[in-house]
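Top line first, the protein sequences correspond to chains A, B and C.
Note that the numbering used here gives residue 27 to position 27 of the first sequence, counting from 1, and the numbers run on in steps of one.
Residues are numbered in the numbering used here as their position in the second sequence, beginning at 1, plus a constant of 138.
Residues are numbered in the numbering used here as their position in the third sequence, beginning at 1, plus a constant of 201.
Be a bit skeptical, because a hint or two may be false.
[To be verified] Heads up, simulated DSSO-like pairs for lysine-lysine below, C-alpha to C-alpha not over 30 Å straight-line:
1) B:K173 with C:K1003
2) C:K973 with B:K149
3) C:K751 with C:K713
4) A:K81 with C:K1033
5) B:K145 with C:K1003
6) C:K654 with C:K692
Because the hints were derived from the structure by calculation, they are not lab data.
Since the model is a prediction, treat every value here as computed from it, not as a measurement.
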Amino acid sequence: MEKEFEPKIVAFCCNWCSYLAADAAGMARNQYPSNVHIIRCMCSGMVHPNFVMDALTKGLADGVMVCGCHPGDCHYQDGNKRAESRSEAIFLMLEDFGLEQERFRLEWISAAEGQKFAGVAGEMTQTLKELGPNLYKS
Amino acid sequence: MPSLSAKIDGKKFMWDKFMYASETEAKEKMAVYEKEGFEAACLTEEGEYLVYTRKVITEITLE
Amino acid sequence: MKGSVLVVGAGPAGMRASSELVNQGFKVFLVEEKPTIGGKMAQIDKMFPSNECSSCTIMPRMLEIANNPNINIIAFAEVESITGEPGDFKVKVLKKPRYVDPMRCNACTDCFPVCPVGGVPMEYNLGRGASKAISFYSPFPPRKALIHPDKCNYLLSGECGDQEQPPCVQACERRAIDFSQKPVTGELHVGAVIIATGSDELHTDRLAEYGCGKMPNVLTALEYERLLSGLGPTGGVVKRDDGTAAQTVAWYVMDSASPIGFMTAVTEAMGTIEKNSNASVWVLHENTNISRETYSDFIQKAQEANVEIVLADAVAPTEGTEGNINISYQAAGRENELAGVNMFVLVPPLAPSKSAQKLAQNIGVQLNPWGFFDKQSGDSHPIHTSREGIFVCGSALEPKGIDDAAIQACAAASHAAALLSKVRGTAMAPPPEKQSLPITSEDEPSIAALICKCGPNIGGLLDINALAEYTASLPHVNQVELAPFGCDGVKIREMLRGKEFNRVLVGGCSPKTHEEVFAMHTEGGGINRYLMEIVNLRNHCTWVHSTDPKEATEKAKTLMRMGARRVALQEPLEDIHIPVSPAALVIGGTPSGVACALKLAQADLQVYLVEKESDLNVVKANQSSFVSRLIEALAKLENARVFTGAELGAVQGFMGNFNAEIVTSAGKEEVDIGSIVIATDLNMAAPSDNGDYEAQLFLQRSTNNFFVGMLGNLNPLDFNTAGVFKCGPARMEMGVLDAIMDGEGAASRVAGIISKTEMVKSPIISVVVDEKCDGCAYCIEPCPAHAVALIEYMQHDGTKKKTVEVNDAVCLGCGNCMATCPKDAVYIQNFKPEQIMEMVHSVSEEA
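Bound conformation, chain A alone (with noise of 0.2 Å):
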């Protein structure tokens, strides 16, 4: 019987929000799948298009996230907001590539929201699975 389909997620997390959110998930024991695998950056806007770029369009995984402070909080005051305007950006390179708008996730996470960060992962891991592998696996 043929193994069900794991996809393999990278969560890009901000130092100052999600990435204590995810902590914050641990602390509450909040369950989520194994797909997802945590980078720590300092900031949500650290995060330069072609990681996720690359990631996809190499085949290295399957979906991308990107986790950062909600508007106002930014610790660098508006990083997540240029997060944002580079998200609208890689939403129309991955229509260029062919390559589903779902597979990539823009998500605002506080530290205290450890249940909202083992949601999304979730939702994540299942849109994944039903989309199926990136097409430029190898």
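Use these hints to put chains B and C onto chain A, whose structure you have.
Here is chains B and C on its own, set in the frame of chain A:
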């Protein structure tokens, strides 16, 4: 290979990519640069004289 | 004289006073009556008027305090007496027994599941939620277990379970449980005392009259906060007594004298709608006068978000059906009713914390008729108490918002600093000496890997031996060891003794809580702290994938692979030392400017005060005897230079290193300063011919002309420009006493910078790759710190080229430059794009 940049007095200077044979020559070139409004500095490395310059640009236009 | 300060109460005010003091060179003993720190701020969900998540905001500050070697937290303790004189106090502190040795307990939680006594109501959650007889008091530091003596079988009856030793003792590998503990009194010698004991909800019979404790689903505001909080007993879902979610909630503000209760209700109502957009919420109040603009802006936002605010009289709740409440009230002369409301929240008045009365008695300090800390007659300074050298701040004075409490805490710190200026630095522990191996980034990486079992937390779920074997197979990993609790440093130091390694990889818990501690062990082993990486196998793996050990182990392998790749590319970094000009510039001889300059001068710091008028006494706002006395005191201090009939000319530089022109009729004088304070009147002159310092310092104003700065409740005095502060009417309308406290608070912020000979800064900042940068300048505008400048330079052949320069002193390391660069020409130290992509590659590979 000399460093492309040098920090002098806390400020970043950039090498002009030339190795001068004498201090006099280096100083001459520095004077030329200074006339164009650049800050210039002379450093020595292994007997060669190097000239570094900088000018802060306040009006920024993106291409 | 002692160069240390006792701070009583570890809520937002106490914590802030502690960090301000330590930053200015004074050691702190922080005594807290509860077993954990944080006060009400850690218990509430959102705070007004910023609507920030309260616990998220305070958590990093708490960790800084908990890890600071010069702040000694004494939790679960009370002050019994204070004798002596200002500068030389002897304090007796009573430590209450936890029955757990905090030096041994490492929060593994092995004892919790085996304790047979459950259902213990949690005091931290106001009785909601239940724990065992051995538990954590709250999710906050100090994270040490504690035993409830009135619930514990062993403490009550001398036995527990059918074996000789109780189950908790058997489960504790660290042998931390100690039933023999008794209350212990210790003595501290300090130079000054700051009281920050806060306030509590006043619980009187009035609450019962309104149904609290009598009708279901009637609760107080603080109880409701625990329901809203993601770290509370219901995980942030507002649940009724029967466990169903509440759809309709009403608040009644029982105290119209202070705006704090009203703001609390509005914040909770808005928080309820944010979590449930279908909820209907009402705030009933009797006539609360809101004069502060930031508060009324917040109220308007709430109303726009569908929070109904009702001016109501004669509020009378009665029990409805299905646990609902019917609330009748009078509004605009007519009878009204809110029928069938799911939950009714009472906001009682705030009173001094319950232990304040006892404390005041113990230390011989007066309280006023309402129970708040008072002062000697004739002394109207809010921060003073009736005893010299003992100061008070925050809600212990009177109910106030967290933003005001933070300012007062800073002011209290400046008072203590002025008193103890001669002994600044004398009680501080020197930073530990670092002896690092000469590792360069060219050296072949050699990784020492430690996998921490973390008790059962990691070792209990993962196939730890398979993980260790796998880790050993990773490139550059030359040794792998397991440890029951790696953070004790024992195994790491053992491994590093041989000096064969130049990288440390820890598979353990979260770097957010443990980075400092593992960095300490890494340095102790002779390796630069930036060559260490912690992989989060606990919060991000075992704790959240606990139903599938096989999957969890596979993910753990991936995470270790990612970490090993990252740490191999890590470079040794040195902290950045920047010399500081040890002087301050205060602009504006207003009450806040004068108060700021005075506190700085009294603290033996050099200060320049610039005022446009010909004489400080002529300034309109200074027409009061209180201010005249401050002006007189300032004139006597040599290290305060007052420039009257003066204006500010050109200003340039950055935190620690500003240069300013002071222009008088006599000419221009240039001063070098480390910090600047704006203490002007609101209606300041527009930029003069002499210069526009507002533009040069990137200062911003709001639409109503007040200066605005850093976002957030905890930074009301800070501009976004580092090293520049604002106080008094320059930032908000306020009375003279508040303006004075504002100025004194700003003095503390300034002293934190200029009392040091140099600033130490994290080296995790932006680096330009000269070979690749062509000066396209895309990275300049996104920089929040204005740290990037464009420079032109000459080539020998006459061509001009461009590149960018990063100001190391102000760069925050956020990475926005890196993310905009199209040339791969700028990166953040140890967050290089190649490191990040290596980690992404690692995710796609199979173990």
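Outcome of the hint check:
1. B:K173 with C:K1003: Holds. K173 (chain B) to K1003 (chain C) sits at ~18 Å (cutoff 30 Å).
2. C:K973 with B:K149: With a Cα-Cα distance of about 19 Å, the restraint between K973 (chain C) and K149 (chain B) holds, given a limit of 30 Å.
3. C:K751 with C:K713: holds (26 Å)
4. A:K81 with C:K1033: Since the Cα atoms of K81 (chain A) and K1033 (chain C) sit roughly 22 Å apart, the hinted pair holds (cutoff 30 Å).
5. B:K145 with C:K1003: This hinted pair holds, its Cα atoms lying about 16 Å apart.
6. C:K654 with C:K692: holds (12 Å)
Consistency note: the structure conflicts with none of the earlier hints.
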